[in-house]
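Q: Produce the entire structure from the sequences given, and follow the hints as far as they go.
Residue-level listing of the chains:
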Amino acid sequence: MSDATPYIGRAMKRVEDPRLIQGLGTYTDDLRLAGLLHACILRSPHAHARIRRIETSAAKAIPGVVAVFTGADVNDSCGAVPCAAAIPDLKAPRHTVLAGDRVYFVGHAVAVAVATDPYIACDAIDEIEVDYDPLPAVVNAMEALKSGSALTHPDMGANVAFTHVVNGGSDIDAAFRNADRIIKHRLYHQRLTPMPIEPRAVVASYHRGEGTLTLWTSTQIPHLLRTLLPNMLGIPETKLRIVAPEVGGGFGAKLNVYAEEALCAHLAMRLSAPVKWVESRRENAASTIHGRDQIGDYEVAVKNDGRILGLKATSVADLGAYLQLLTPAVPTLTGLVLTGCYKIPAIRFEVVGVYTNKMATDAYRGAGRPEATYLIERLMDVVANELKIDRLDLRLKHFPAPGDFPFATSCGVTYDSGNYQGTLAKAKQLADWDALMADRKAARAAGKLFGVGVSTYVEICAMGPSKAMPAGGWEWGCVRMEISAKVTVITGVTPHGQGQETSFAQIVADRLGVPIEDVAVLKGDTNVAHYGRDTYGSRGTAVGGTAIVMSVDKVIKKAKTLAAHLFETLDDYVVFENGKFKAPGITAREIAWSELAAEAYLAKNLPAGFEPGLEASSFFEPENFTFPFGTHICAVEVDRDTGEVAITKYVAVDDCGNQINPLLVEGQVQGGIAHAIGQALFEQTIYDENGQLLTGEFMDYAIPRATDIPEYTLGSTVTPSPVNPLGVKGVGEAGTIGATPAIANAVIDALTPLGVVHLDLPMTPERIWRAMQTRTVATV
Amino acid sequence: MYPANFDYVRPSSVDEAVALLQKHGDDAKVLAGGHSLIPAMKLRLAQPHVVIDIGRIATLSYIREAGGTIAIGATTTHSEVETSKLLREKCPLLSETASHIGDLQVRNKGTIGGSLVHADPASDYPAPILALEAEIDLVGPRGKRTVRADQFFVDLLQTAIAADEILTEVRVPVTSPSVAYIKTEQKASGFALAGVAVVASPSGVRVGVTGVAPKAYRATAVEQTIGNQRTAHAIELAAAHAADGVEPLGDIHASAQFRAHLARVNTRRALERALSR
Ligand SMILES: Cc1cc2nc3c(=O)[nH]c(=O)nc-3n(C[C@H](O)[C@H](O)[C@H](O)COP(=O)(O)OP(=O)(O)OC[C@H]3O[C@@H](n4cnc5c(N)ncnc54)[C@H](O)[C@@H]3O)c2cc1C
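So the protein sequences, as listed, match chains A and B. So for the first sequence, my numbering puts the first residue at 1; every next one is plus one. So for the second sequence, my numbering puts the first residue at 1; every next one is plus one.
Errors might be hidden in some of the hints.
[As the list claims (entries may be wrong)] Derived, one-sided and incomplete: chain B residues facing chain A with beta-carbon distance under 10 Å: (1) D251; (2) A254; (3) S255; (4) F258.
[Said to hold, decoys possible] Each computed DMTMM-like pair below joins lysine to aspartate or glutamate, with the alpha-carbon atoms no more than 20 Å apart: (5) B:K23 <-> B:D164; (6) A:K554 <-> A:E637; (7) B:K42 <-> A:E198; (8) A:K604 <-> A:E568; (9) A:K146 <-> A:E697; (10) A:K303 <-> A:D171; (11) B:K42 <-> A:D390; (12) B:K42 <-> B:D27; (13) A:K343 <-> A:D390; (14) B:K42 <-> A:D700; (15) B:K42 <-> A:E127; (16) B:K42 <-> A:D126; (17) A:K397 <-> A:E386; (18) A:K649 <-> A:D439; (19) B:K42 <-> A:D117; (20) B:K29 <-> B:E169; (21) A:K388 <-> A:E501; (22) B:K29 <-> B:D53; (23) A:K343 <-> A:D171; (24) B:K42 <-> A:D29; (25) A:K467 <-> A:E621.
These are calculated hints, taken from the structure and not from any lab test. A quick note: this is a predicted structure, and the numbers were derived from the prediction, not measured. A virtual CB, placed ideally from N, CA and C, is assigned to each residue, including glycine.
A: In structure tokens:
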């Protein structure tokens, strides 16, 4: 053990980075298999149309084209794309792999061509003739609810998929009766396109002799795929191997079972040849899930002294045309943290999920919590403004005290631990709050539009207790002390950029007292990591890390038994310290891992009944979620002429419990805030009134770039979680959740001197310019 | 993202390139830096049967001065224009504009000739080319002809070049340092929502505007209004005419109204900057 230990708590560079930076990572598209065929998919140019006829003969005649299939050829053998969300009375259309006799959104897959190279496959697509009969498209979820609206799926008879209602805490009607005032507001959380830099990609290979199918796919969830694909393909789980190679960005967009994964698997089996499909950027924008898209009317019952008695939320979630894996579940998550980090005794939350002729929405970084946080943090500012109360005082007044945890909210969840006052105080200090207020005053006096925004957020991580998770929320991990005294760690989570190859090695190296270089973390292959529930919902370290800790402890316990045998004493007298086994007072001898591992595997001298080997695996079932929190403070200056926003200061203090690797925590927060800058200021997915996608490529869909990112001042506090032995919470989505409202509040604060009280997201220069022109509220 | 089949030829002289263009007619496309053509081919929006790569014709890439004008070869890259010592000293507007084009990769590959022929209404060069009253040489089967900048841009993605011609050279005058290019970028693409180039001299100013209308234009109303006045008030009054007589483009990135507004703001800012230099 070196001087530099313990590893936990150290800002270590990621072990995965050298290979990624040097271009040595293997992504799905890097796979070259003998006899590989290439698939290209023909997609609908219409938002809604009947397919009269598809003519494929010209395509099939092109030399090099192996097959051309339409829905009629494959839908029966491929099964339906699954939705795992358990929502009562959910109305769902059958989601076939290729379109049947109708297309329901621009980008809907209509036919597939398979050829000996991808150029020929694309040539073939160009030669397929489809005779469409265009139908009226449903593009606005609010309009879709009106009687007489066109129908997204005419055969379903209505556009509503579900209505989900939560009444929580004390009597909501009484709260509203007792209020001095009721403050109402409409907020829109716009649709976003995740745009991972690596689009989706799939390679499927079928071994006819073994009857086994291997599917390499750029996914966050190889294990969930292994659970769900057998139903689609009619192949047993035991014959299915899913591998997630390097994944170039997921953000929730790859937390899904996609039609193309089943389709490629089917093609590989049907054609007895490996098949590759790599999504183009345009396909990614049109046919990979979108995020957000919730519009809501909110009412807050308040006393004149600022006490909030109750909150009513009625929102409409635009689901798109189909249900992907968690489509209807995402908006319901909003209801779980509706009250943010505030004591609000009564709530009513109603969300209506609506079908429209667009791509499905689903989990996107934060999934449901950004919507909740944006609405409660905007509302806190609106209430403070209306009651002329300081916005920080209003927040402080409603924070539970550190001693109130575990804190049961009126939304029906129990926050594990927290110190919201602590992050607020630290953020104020890092932002130099009083000086910042003085700056604002001086800037305003000089005629500048200078604003400061705050958000104090809480979110839900470590997903989660299995009772609350459709596919189970446990995690699996395995630790093996090898005969060479090197350590293999296998995790069931599937990190794809989060850095757990590093942080899990830190945890294991510390506990075993070995150099971190001796620990290898394996993941992302169901033939290696036999069980897992994968990576999403900031669960990797809190749930997956705990399964690893449990396994290490089992290995150490077993090793102690063997050491005791070698010391000729009892287990209880053996002490494990700094990577060595000792029996103080009994013998001066110390046994290192190298000796013990050799004994365990060579098995010449084992205690009676002792199984050879030093390996243990564990399932961890979390008793609760974790609830990280923080305070973000943002200062902006708005250009009076152009409406452009410059972020002049950004302070974030996040509390994600104990930090295994502060560098990774900081990286997650930085990336998360970048996403939020996009959402707050410029990102939006736009369909026109006919359902044409207008933001189908990077020329039209703006993502944040390096030049958009201000210098951050990042801080943290540490309030360990009591629900796992590491005391960690999770940090993958916190930045995105906490930052959007801080930036939005800052922009509106900057415009306050002009009488602007609200602006919708994204706060683009034109939207701001228009608000400055009219000096009135701009809403959707 | 896979282009349709095409043949690739690499002529070694302008004459050879022109002969190839003549031979293949509408089936052929000239390839320079490829930063407009190749994306269009990958989306199969362009499907030429023959691609004529003029990128290796050594005699087409240069920046040289002759008698008060600076001549720039067609395949000179945006980076070369941006960093040219000669241009920075004697026609800094062009270098300043080039520095706003795309990112480093785009500037290292894209060429001035390709940008002008492509005539994207949101591209940057047309603004300074108009304000500088540049001259453009076109070579075709009938020999060489010279077109003035204000005659070159015809309409959206359309210029005065004929299908069998090649743009060979752009000539700009030596100017004083009193020039400026101010651009508001479209957030996603980085192209211009409104880019304004100003060339000022004691006798008057010339203003070129790109991004705002289907083709770049000279803001003559601004030029006439300001005349030889130089006060802040005069600048303000003149800049208000930046979108006079044009029908601005409107799309998801900026409405017509906002584009016109940005043209006015950026004209004011470009005038202020040019006149302060
Ligand atoms: C990511 C990205 C960002 C960009 N951002 C900007 C930006 O901010 N501002 C901006 O102005 N531009 C931008 N561009 C466009 C870029 O400047 C292109 O390089 C330019 O428009 C075309 O020049 P090229 O040499 O690449 O031409 P090519 O793509 O090779 O050709 C373009 C067209 O011109 C024709 N052509 C080319 N050269 C000649 C010639 N000498 N004679 C006759 N015909 C010819 C070709 O046949 C073709 O039709 C961007 C491009 C990309 C890919």
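Q: Now, for every hint given, state plainly whether the structure supports it.
A: Status of the hints after comparison with the structure:
Against a cut-off of 10 Å between C-beta atoms, the interface hint on D251 (chain B) holds, since the closest Cβ of chain A lies about 8 Å away. Given the 10 Å rule on beta carbons, the hint for A254 (chain B) holds: about 6 Å separates it from the nearest Cβ of chain A. At its closest, the beta carbon of S255 (chain B) sits 7 Å from a beta carbon of chain A; the interface hint therefore holds under the 10 Å criterion. Taking 10 Å as the C-beta cut-off, the interface hint given for F258 (chain B) holds, the closest approach to chain A being about 5 Å.
Between K23 (chain B) and D164 (chain B) the alpha-carbon distance is near 9 Å, which keeps this suggested pair within the 20 Å criterion. Between the alpha carbons of K554 (chain A) and E637 (chain A) the distance comes to roughly 56 Å, so the proposed pair goes past 20 Å and is violated. Only pairs whose Cα atoms come within 20 Å are accepted, and K42 (chain B) paired with E198 (chain A) is accepted, the gap being roughly 17 Å. Among the hinted pairs, K604 (chain A) with E568 (chain A) is consistent with the structure: their alpha-carbon atoms are about 15 Å apart, no more than 20 Å.
Proximity of K146 (chain A) to E697 (chain A) is assessed by CA-CA distance (about 32 Å); at most 20 Å being required, the pair is judged violated. A distance of roughly 16 Å separates the Cα atoms of K303 (chain A) and D171 (chain A); the hinted pair therefore holds under the 20 Å criterion. With a C-alpha separation of about 55 Å, the suggested pairing of K42 (chain B) with D390 (chain A) is violated against the 20 Å cut-off. The suggested pairing of K42 (chain B) with D27 (chain B) holds, with an alpha-carbon distance near 17 Å, which does not exceed 20 Å.
For the suggested pair K343 (chain A) and D390 (chain A), the alpha carbons sit about 17 Å apart, so the restraint of at most 20 Å is met. Restraint check: the Cα-Cα separation between K42 (chain B) and D700 (chain A) comes to about 17 Å, which is no more than 20 Å; the hinted pair holds. Note on K42 (chain B) and E127 (chain A): the hinted pairing holds, with a Cα-Cα distance of about 17 Å set against a maximum of 20 Å. Restraint check: the Cα-Cα separation between K42 (chain B) and D126 (chain A) comes to about 13 Å, which is no more than 20 Å; the hinted pair holds.
Our distance criterion of 20 Å between C-alpha atoms is met by K397 (chain A) and E386 (chain A), whose separation comes to about 16 Å. Taking the CA atoms of K649 (chain A) and D439 (chain A), the gap is near 12 Å; set against the 20 Å cutoff, the hint holds. With a C-alpha separation of about 15 Å, the suggested pair K42 (chain B) and D117 (chain A) falls inside the 20 Å cut-off, and the hint holds. Restraint check for K29 (chain B) and E169 (chain B): satisfied, since their Cα atoms lie roughly 18 Å apart, inside the 20 Å limit.
Between the alpha carbons of K388 (chain A) and E501 (chain A) the distance comes to roughly 50 Å, so the proposed pair goes past 20 Å and is violated. Between K29 (chain B) and D53 (chain B), the direct Cα distance comes to roughly 9 Å. Compliance with the 20 Å bound is thereby established for this hinted pair. A threshold of 20 Å between alpha carbons decides the hint, and for K343 (chain A) with D171 (chain A) the separation of about 15 Å falls inside it, so the pair holds. Our distance criterion of 20 Å between C-alpha atoms is met by K42 (chain B) and D29 (chain A), whose separation comes to about 18 Å.
A threshold of 20 Å between alpha carbons decides the hint, and for K467 (chain A) with E621 (chain A) the separation of about 10 Å falls inside it, so the pair holds.
Checked against the numbered hints given earlier, the structure breaks hints 6, 9, 11 and 21 and satisfies all the rest.
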